[in-house]
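The lines below spell out each chain.
There are 2 protein chains.
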Amino acid sequence: MSLTISGATRLYVLLGDPLDKARSPEHYNAVFAARGIDAVLVPMEVAPTAFEALITALKHVRNLDGLIITMPHKQAVLAHLDRLGDAAQRVGAANVARREADGSWFGDMYDGPGFVGGLRARGIAAEARRVYMVGCGGVARAMALALAELGVAQLRLHDLDARRAASLAETVRAQYPGVACDAGAADPAQFDLAINATPLGMRPGDPLPFDVTGLAPSTAVADVTTKPEITPLLAAARERGCPIATGRDMFEAQTLLAERLFGWSA
Amino acid sequence: MSLTISGATRLYVLLGDPLDKARSPEHYNAVFAARGIDAVLVPMEVAPTAFEALITALKHVRNLDGLIITMPHKQAVLAHLDRLGDAAQRVGAANVARREADGSWFGDMYDGPGFVGGLRARGIAAEARRVYMVGCGGVARAMALALAELGVAQLRLHDLDARRAASLAETVRAQYPGVACDAGAADPAQFDLAINATPLGMRPGDPLPFDVTGLAPSTAVADVTTKPEITPLLAAARERGCPIATGRDMFEAQTLLAERLFGWSA
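Taken in order, these protein sequences are the chains called A and B. Taking this note's numbering, I'd label the letters of the first sequence as residues 1 to 266. Taking this note's numbering, I'd label the letters of the second sequence as residues 1001 to 1266.
Because the hints were derived from the structure by calculation, they are not lab data. Ideal placement from N, C-alpha and C gives every residue a C-beta, glycine not left out. There may be inaccurate statements among the hints.
[Stated by the list, open to error] Calculated from the model, a selection of chain A residues having no Cβ within reach of chain B, i.e. all distances over 12 Å:
{"hint": "1", "residue": "L78"}
{"hint": "2", "residue": "L81"}
{"hint": "3", "residue": "D102"}
{"hint": "4", "residue": "A183"}
[Claimed, not checked] Sample of chain A residues facing chain B (criterion: CB under 7 Å; computed from the structure):
{"hint": "5", "residue": "A8"}
{"hint": "6", "residue": "D20"}
{"hint": "7", "residue": "R62"}
Chain A extracted, bound-state conformation (with noise of 0.2 Å):
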């Protein structure tokens, strides 16, 4: 089946800024068109200053049922949703947003649920695990959360600014006192699970984000980036034998929590 859009149409849309690379609207509108559900998701590109401007309007258009939030709008959205979800609570930020029946909006944040869904979906276990991880922005920042929810042994992070590992570790710490959560050095060796939570590896002549020739072959390797699917990164950890879980099964995992809360799935 393919997309229609009527004027009966119920609308989704898709904040953030820059856009042009994001993915969810093909794959939300594939949903609706294989399903033959009466609704459409449209990018809005949007700048922070006129993101508040925009999501107050955008709540008084009858036939608008939620959103997708995306960089640089994750945290900006919370002031304008009335309850959030465990782990929007958690992170600070929402990435959906759904009206519901009494008009109200529920928020909540799937990047981490998302990032632990992946990995089971590779049937990697972070459970009890000593986790690795570089890059300690917005998305590791909800990773780190959900790791630390799930009950990883050891997180230990790592970061370009220092200060910003050592901040990432202190929030997870105090949430979680039963995580061996801290910043420390580029070296991923000895732990179950390494994780490369920045950009490098989306640009060709990228440096890998970490050195995998110390990896035991039982180390899995994560990656964020959707594209490509398989990093150089992640490329190098299947040659030593190593497990993998790409970008996609991350975005994968997040976009069936999404069509569930959003009642698109089962």
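Assemble the complex: chain A is given as a structure, and chain B must be docked to it using the hints.
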């Protein structure tokens, strides 16, 4: 081809209230799909109280290229446009708006030119003819001014609200002193073209908007209703041998004008 929407797709928004019966989303999205244009038109149903804030915010959406405006926002949109076409200036309303290369907004009003284009498509001449029109609301205002611009000899207006008919007649006379325009009785006899610009005929059981028994077979009859396309009025007129023009003729002529404005058609 089918419609596909990515993060880079250009956006057009239909603004109105209500929109559930609006035809333009289906029409324009079929045009995009058929011609491989990477654009989408989505409906946003918004009340007058929320219109100003929404259009102000939408103008900051970077991938928004244009608006289609329908009732009840056709007058309110003017305050948000930088430059107006002739018809929009005449009528004091707009139903299309385009973002220009310099970021400013141009708007125009195609209800009137669309009606005249629909007559032309059916080979019905209105130039130098005597025209009767029932209904003097917003769409009728645009039609009356387009007929006067075209150069009808006489324009007789009728409305259940006699003051509304008198007021529109005065507007037409003020702008086109050469056109004999007045408000008068509900009698379409002795005219070359009789027009229904009321909603009568949309619902089963509606009375005819005017009596056709006195019409000569040479009198053309036009209606603005698109669903059903052949209203009871048009069916009765056709039975008498009168030429007819339908609401769909008007809609198609209007959409062609909009397609040219937005560069979707040559």
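Each hint, compared with the structure:
no., hint, verdict
1, L78, "19 Å, holds"
2, L81, "18 Å, holds"
3, D102, "18 Å, holds"
4, A183, "34 Å, holds"
5, A8, "4 Å, holds"
6, D20, "4 Å, holds"
7, R62, "4 Å, holds"
In the structure shown, no violation is registered for any of the earlier numbered hints.
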